[in-house]
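Chemist: Going down the list, the sequences are from chains C and A. Residues are numbered in the numbering used here as their position in the first sequence, beginning at 1, plus a constant of 1. Residues are numbered in the numbering used here as their position in the second sequence, beginning at 1, plus a constant of 1.
Please note: incorrect hints may appear among the correct ones.
To be verified - Quick list of in silico lysine-lysine cross-link-like pairs, DSS-like style, CA-CA up to 30 angstroms: (1) Lys461/A / Lys533/A; (2) Lys275/A / Lys265/A; (3) Lys265/A / Lys238/C; (4) Lys28/C / Lys566/A; (5) Lys206/C / Lys326/A; (6) Lys265/A / Lys29/C; (7) Lys33/C / Lys257/A.
Please keep in mind that the hints were generated in silico from the structure rather than gathered at the bench. Note that the coordinates shown come from a computational prediction; the quantities given were computed from them, not determined experimentally.
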Amino acid sequence: MLRILLIIQLFIIFGAHSQNDFDNALKKANEKNFQQAILSFEKIAESNPENSAVYYNLGNCYYHIRRYGDAIWAYEKVLKQHPLDNEVIMNLELCYKKLGSNHAWQPHLSGMQQLIIAVGSNTWAYLAFFLSLIFAFCLFYVLKKDTGWRRPLLLLGGGMLVLLIISIACAFASYDQSNKSYFAIITKSEAPVFLNDKGLKSTFKLAQGIKVAIIEQKASNYLVQLENGRTLLVNSKHIRLI
Amino acid sequence: MKLLLAHIVCLLSLLSWAQKPLVYLEVEPKEAEIGEAITITVKANIQGDVDIDLPAAYVSGYNTMSGMEQEIDYNTGKVITYFYHSQSGTLSKAGNFTIGPAYIKKGNKVYKSNTASVQIKKEYTPPVANHEFTSKQLRQPAFGIIETSKQSIYEGEPLLLNAKVYSLFSPTHLENYQEYTLEDVLDKHDIGASNQRIMVDEENIRRTTYFTFEYDKKVVFPIGKGKITIEPFKLLLLRGFESLPLTSSSAVIEIKALPGNAPKDFTGGVGNLKLKRSLSNNDFKQGDVFTLSLEISGNGNLQNLLEPKLNLPQGFLIYGDPEIKEDFVFGALGAEGKVTYDYHIQVTQHGKLELPATTLSYFHPQIEKYIQLTSEQDELIVGKNSNFQLAQTKVGSTINNAVSSDQPAPLRAANNDEENHDFIIGSGIFWFGLSAPILIALIGGIWMRKKPEIAHKKSKNQQKETFKKETELLFEIAKSKLENQEFGDFYSMLEKAFLQSIAIKMNVPLEATINRQLIMKTLYEKNLSESKKIEIKQWFEKCDAGRFGLGSIENNHLELIASSKLICQNIDK
């Protein structure tokens, strides 16, 4: 019992501490001390990667010091959890405008995928629990045999099973999207591109803010794919995984 | 004979000159750190192939030397020849290691040396000031340092860093480079040529020529105050196919906070800056919008400058945020170039208007002072425009409308509800929550379905048990009837008991009336062997003979009971 109380206490202390850190970082940002605020927000993001407000503010701070690539990365991190956040999308478009890019922000997920992620894996999981309860109820009464509702119960149970499978798939898709990095943002202006692992540079360079799909990591480089399907090697220093 | 004696004398003299074989192994230093070079020397008075037992953590170095030396033994006056084999290397783990023995193979004979132990401590890379080399570093075949342009800088001031390698051998290339790291430094920029090639130079340190090269040049802009440690870089230095792992020393930089008396027009600039102001046009009419450009040039932290605030008098309105144009490159002095801020301003009054000078302060790290830059002031002659109507906005303020505002949406407060966004899927709760109701329903449903069958089976088993007991009782009654000489009752009880016993064994429905016809029919249906059927028939005949013959012998009765039990026992075998 004492141990449980201690754990609860530690949680409260930790929670209060992280709230304190957040407030301090926010204060620095409001004082236009953006670099210090960025350092603080980055630290909070490391310990609490689920808090989208941290990434949002990080994006704003990066924006103010004109590091638009990093700002785009931070906003994309928010969209990973809340793909339908219009404020973030507007900020992203502002970043691309500042970069002088004709490239308008495009979501890398379809509308349906965005909706699945926006609902969140926990909500999908709760829905799956509810559906499994209805399915279990139908299963029980069908197996019990002495019921005159066998046929409607079979139909209801079948429907619930299909919905259950769909909600499990959605829960995992949402979980997968928010926990794995499939995309990255080029954060350096004119990031060099390599032709091989030995460091042979291409004359082609990637502009800041470009979103690339991650194929695989090769030592200190990432093999990435551009929107046009071209694959390239980029140094891990020049990109940030979403 | 004389010849033989001469041979013996010669041989004896040679034997007296021959030396006792000596193989000695030595390791220097006896205590070292991980990655620090140690030298293993094998000294022997015999020449042959040298082989040394080395621990698995031993990493062979470049320096391998062999040679010979002659010494005079002053006791005997003899000249002794010693052969040397020395090699250097490093140990990659901490602990006590035994080096050796060394083996010298000469012909068919192998000579073994002593062993030597060496204590390896964990690596300690003390911070090293520029161009100060420790004795430990100078003992190494190669070492690395982090070169810094300054030991102490002001926050925001550019600091030039690069990795520098010193090597006793001429390296051809390097691999597995892990860059030096600075915690809490956000603003880092690579400068110089590609990091993939090394340009080797020569440098003399304490009368030793070292091959040196610089690598991974960066300009960083630390913020905050206090001491920051630059963590060492690591690399694999190669000469052809031979490689040497190398970890550099760390470096410490002191960051000084900017003086507290910052002027109001300080925009965060640290370096050496200049200010230039220009207007897009000189001919104005009331209501015209012109562009005021502020160009801040020079070197320092140009990339981190905040936009200067314009304090305009009445008659001017600023539209939105300034457009920022950056034109600088990162070099040894930080960001070198210019940043231009274009403000769009509307003239709202007519007549002779004065546009006051714009001031901007920056911190000069060399003279350690804030310096204020002032632009020239402009005088504007604005023509009257009777069609112009002033918008309902405070004069001199900034108009932020949807078109011109380039500010992102405001900062957000913490949302603690979002913590552990995916905790269900990531834990076992998910599968448990899903499978538990389904499993319970499955087990419960099947159990409910089987419940009557189980109950029926249970009652049948109970009935069977009762029937068995009844049969046993019948046998007992038959025995008591026999004792009372009531032969008629004895036979009828015995037959009933026998039939019931067979009925139990053959699983005949116990509700049915059990008689000989039913039993025989069941035996035929269950394909009982002919011998068993005959045995049962014979038993019935004996029973009938006993019951109706009236002359039975006592022994036959007991035999009949015994045979009835025996038949029942073996009926299903």
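Chemist: Compare the structure with each hint and give your call.
Modeler: Hint check results:
{"no.": "1", "hint": "Lys461/A / Lys533/A", "verdict": "27 angstroms, holds"}
{"no.": "2", "hint": "Lys275/A / Lys265/A", "verdict": "18 angstroms, holds"}
{"no.": "3", "hint": "Lys265/A / Lys238/C", "verdict": "37 angstroms, violated"}
{"no.": "4", "hint": "Lys28/C / Lys566/A", "verdict": "100 angstroms, violated"}
{"no.": "5", "hint": "Lys206/C / Lys326/A", "verdict": "21 angstroms, holds"}
{"no.": "6", "hint": "Lys265/A / Lys29/C", "verdict": "18 angstroms, holds"}
{"no.": "7", "hint": "Lys33/C / Lys257/A", "verdict": "20 angstroms, holds"}
This entry does not satisfy hints 3 and 4, going by the numbered hints stated previously.
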